[in-house]
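Student: Residues per chain are reported as follows:
2 protein chains.
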Amino acid sequence: MPRYTAPIRDLKFIFHDLLALHSYADVPGFEEATPDLIDAIIEEAGKFTGDVLAPLNKVGDEQGCRRLPDGSVVTPDGFRDAYQQFVDNGWPLLNKPVEAGGQGLPYVLGMATSEMTSSANMAFGMYPGLTSGAYEALMNGGSDAQKALYGPKMASGQWAGTMNLTEPQCGTDLGLIKTKAVPQPDGSYKITGQKIWISGGEQDLTENIIHLVLARIDGAPEGIKGISLFVVPKFILSEDGQLGPRNSLSCGGLEEKMGIHGNATCVMNYDGATGWLVGEANKGMRTMFVMMNEARLGVGMQGLAQAEVAYQNAVDFARDRLQSRALTGPAAPDKPADPIIVHPDVRRMLMDQKAFIEGARAFAYWTALCGDLQHKAPDEKDRARAADYMALMTPVIKAFLTDRGYKMTNEALQVHGGSGFTREWGMEQFVRDCRITLIYEGTNGIQALDLVGRKLAANGGRAVFTFFAELDDFIGLHQDDPDLQIFVEALKTTKVQLETGTSWLMRNGMTDFNNAAAASFDYLQLFGLTAMTYMWALMAKVSLEKKGLDPFYDDKLVTGRYFVDRIAPEAAMHLAKLQTGAAPIMALAEDRF
Amino acid sequence: MPRYTAPIRDLKFIFHDLLALHSYADVPGFEEATPDLIDAIIEEAGKFTGDVLAPLNKVGDEQGCRRLPDGSVVTPDGFRDAYQQFVDNGWPLLNKPVEAGGQGLPYVLGMATSEMTSSANMAFGMYPGLTSGAYEALMNGGSDAQKALYGPKMASGQWAGTMNLTEPQCGTDLGLIKTKAVPQPDGSYKITGQKIWISGGEQDLTENIIHLVLARIDGAPEGIKGISLFVVPKFILSEDGQLGPRNSLSCGGLEEKMGIHGNATCVMNYDGATGWLVGEANKGMRTMFVMMNEARLGVGMQGLAQAEVAYQNAVDFARDRLQSRALTGPAAPDKPADPIIVHPDVRRMLMDQKAFIEGARAFAYWTALCGDLQHKAPDEKDRARAADYMALMTPVIKAFLTDRGYKMTNEALQVHGGSGFTREWGMEQFVRDCRITLIYEGTNGIQALDLVGRKLAANGGRAVFTFFAELDDFIGLHQDDPDLQIFVEALKTTKVQLETGTSWLMRNGMTDFNNAAAASFDYLQLFGLTAMTYMWALMAKVSLEKKGLDPFYDDKLVTGRYFVDRIAPEAAMHLAKLQTGAAPIMALAEDRF
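Chains as they are written, first to last, in this note's numbering: chain B, 1 to 593; chain R, 1 to 593.
Bound conformation, chain B alone (with noise of 0.2 Å):
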């Protein structure tokens, strides 16, 4: 069975090296997040997504979930108990505001234990996940009443949340919905349709599931802007908070599907149910739109999570499997074999795999750390910043995070040749898991879309200029420093094609809008590769500085100058396909393919 353990090493890094969290303390909720909590919090984390999530993870994919004639569901074996140990031990409520009986501790300080529990179980981190989702948008959109009602049950994961967007007809086109919302005299509605995919729709964890359904008021406007938020919940709760009847709601059936089976993905058929609208009606999208912000960072996690794990146990076989010697003479004459660590192919795709798992580490976190300044930064010029940063960030998060997770799930696979084929060795299954990343909460080629039609052009361009900015007076500051230098060289190379790339958008993209849409898959790979290549040289400078203190940190340059000699390079390759336009791509006709 495969094994998971926390990389504590590097979110050590990460929090007090790179990030220097201890730097923030004038920050609400920042003062308390010592070196020491969070060296605290991140090692009870990962005892207890090592010991009890991660054990659980092949047992929910091989059992999978059940419904029950009665339209309940069951959830694999272990994950009930493992569920309420995670409520008990407080980890839902770890960044939840105080004032929700939360710690209020940072955001970025929760995204470590949302990658370990995604790389211990991912089927199972979706249940609390979720949940943190459909919070985050109620205590965004929700009346006050709502809040109170709802929001400590949810904040501490004893009551669940789900999103309820897609329908049969409608994916990422949700002016398409046709969920009915009727409203009634007593100021509810009642909600009638039919949601599919719908995560944790159902399942035996919690006591009442909160689900937060997108449906159309009678007379809406046509499409997006005729859609609505409800709250609807799986028993009515009464004013005090007492569970009340059961709404009319339920599963109708659970889709069968390449991964995650430990998830319960539901049909879920609203029969007249009674919600409540949450925010203003026909503006649901915008506070959807909130919950699915923090939802995409969380996917890119998921994606660097799965690469994580199935990373370790691709170093473990690498060392344990003993198969031809080394080109270079026996490594181990007393075995009938080397292990398989010498060989140089093995070698290369270990070192994709740790190049990419800490650079897109880094940025993950670099990018949630925004995630508290845009609302907490004392400074206004701060916030905005941050707020910047974490709208232009989020897609390329969550798509570049997930292509590569992906792939470099994928080389971990490999590794193992045919072992990595079968059930028995669990690599498959990081596999079959993971690849559902690059599709929920928007597939990739959204995020394109998303980063080259909305987020680039926000402002005035305000937020990618920023990031220019930025970049440049790290090259200006350390062009002289020859320890830095190819850092620094990748770092002008990387941003110089951004900007190309960016410039061409513009010149191109805003006369005809398929080029820009042609272009935005190569430019937000051009993207991410540029971001990387800025956290490898942010790495690289505290790591020199440490130098001498940790073999950690020789590894830390050594793993950098392998991105910036082997995975930088292709970003040149994305510029030039961005900048073949929509003419090649467009150029067949539809009925010819």
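I should point out that these hints are in silico values taken from the structure, not numbers from a laboratory.
The beta carbon of each residue, even a glycine, is placed where N, CA and C say it ideally should be.
A hint or two may mislead.
Stated by the list, open to error - Restraint-style ranges between C-beta atoms, simulated for each label pair:
| hint | chain 1 | residue 1 | chain 2 | residue 2 | range |
| --- | --- | --- | --- | --- | --- |
| 1 | B | Thr5 | R | Glu424 | 35 to 41 Å |
| 2 | R | Ala458 | B | Val496 | 39 to 45 Å |
| 3 | B | Pro333 | R | Val290 | 29 to 35 Å |
Said to hold, decoys possible - Short, incomplete list of chain R residues facing chain B, as computed with Cβ under 10 Å:
| hint | residue |
| --- | --- |
| 4 | Ala337 |
| 5 | Met351 |
| 6 | Thr559 |
| 7 | Ile585 |
| 8 | Leu588 |
What the hints assert, rightly or not - Cross-link-like lysine-lysine pairs, in silico, DSSO-like; alpha carbons within 30 Å at most:
| hint | chain 1 | residue 1 | chain 2 | residue 2 |
| --- | --- | --- | --- | --- |
| 9 | R | Lys58 | B | Lys407 |
| 10 | B | Lys495 | R | Lys407 |
| 11 | R | Lys335 | B | Lys190 |
| 12 | B | Lys225 | R | Lys335 |
Keeping the supplied structure of chain B fixed, place chain R upon it in accordance with the hints.
Tutor: Structure of chain R alone, referenced to chain B:
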């Protein structure tokens, strides 16, 4: 349920326009292969695979194979009957020699039925596929008596064949084989040992199974030089070829795998089973390599075949699924949204697939033709050249077509969005089935080592220099043709890149073998891209000649342009990567991963 429609039009293009098989009438076997016969065969094969095999693909995945307590194995519902039809229709005999009861048609034509079978039902296709490989090995290495005893019924498919190489402690490194062969007074051997991952090791399709087994004769030299090949039938034959007693071998279990569930992957236990030496003692690897080389081309074809069937379904989905409006204005104003094929990012994914599939198909059949010519061309120089190409291109076809084929099945899944992740749509099965092609018959890393370590160097590099000269000839002949200019330019560029990579390898790979191994993956990719660019140039040339006769030729030129603009540029990246050499790959100490 996904559909499969054999790509008849493209195969006709390959056989008649690109390869011009009618021009080889002086080659034995080709004189019968008139264009009409070829068309009739591929149309008939298209019907059979589409109507009979494709509908069983999902059944095979869902049911898998079952091992009964007596060690017998039951294949999925319908497989037995379909196999009987396959044999009754004479498909296995298509390109078997006339003296074995076959039709004696070209090998390259047989590739078309392999492609279709693999697209329609890869798990099913493996049963006859491996039989064909085992047949070839016996015909190459066996005695006349063995050929007479086993040949005809293996040729027709009445009996099946298997390859028994892998043991728990050895996959790639067959020198570690422990299975023992003890000589008996009657000239036979008693074979004892365990083999794993034996495709079709046991099944209910054929009345006998002829196992080819690698084992070590008592007292043989250590390592790979002490491995012999044995033929070990499930039922021992009387001298006149009648089925006799059951041999002491059995299926000890079935492997649970990521995909190809319809194929029985067996643990095979040989308990003093009676076997006969094939060829010389201790030279078993030589014969096995004959079998593997052919099998490797077949595996490359499987990668292409999965990409083809996945692509067809992605096109259907992209035409049917209505979601959002085209950025340039509604394309289907009468419908609630436009079909997603109007969106450039969807079109990009479809064009990626189409340009890969058609280029890969040309490359695979062009190489398969060498498989005929190496044995049958009247001119000795032509035979030598074809043999050189066959040896050189086989690892490239195997690894390049499966690496990319897998990526393309993933793109086809991605076109489906959430539906792609569900079992219902069948796309995820294509991905799961395809995944093994990167691993079996030698992992793709082993193919790359075979290319740089063995195939490049053979005969002083004669094969690769012949290939370069052929590219130069094409460039020289066509560089002033304005219609071909983009293709000639792309070919010039990739050819120079491949030459640069080749001389880098010659300079750096000899002094440090780790450099060669470190560069091997990227070198193989660069090689594949160059060969595909050449294929597209050849296809463009014949398409220009026939332009106007059929819009098919215009489509070819459009697709070729896409390849040149958007895929060929990947070659530069692989060159940059291979030139880093082993240093960044091997810099991190083994214990620091």
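Student: The structure should be examined with respect to each hint, and the outcome stated for every one.
Tutor: Okay, the hints, checked on the actual structure:
no.	hint	verdict
1	B:Thr5 x R:Glu424: 35 to 41 Å	37 Å, holds
2	R:Ala458 x B:Val496: 39 to 45 Å	43 Å, holds
3	B:Pro333 x R:Val290: 29 to 35 Å	33 Å, holds
4	Ala337	5 Å, holds
5	Met351	6 Å, holds
6	Thr559	7 Å, holds
7	Ile585	5 Å, holds
8	Leu588	5 Å, holds
9	R:Lys58 x B:Lys407	26 Å, holds
10	B:Lys495 x R:Lys407	28 Å, holds
11	R:Lys335 x B:Lys190	28 Å, holds
12	B:Lys225 x R:Lys335	19 Å, holds
Violated hints are absent here; each numbered hint is respected by the structure.
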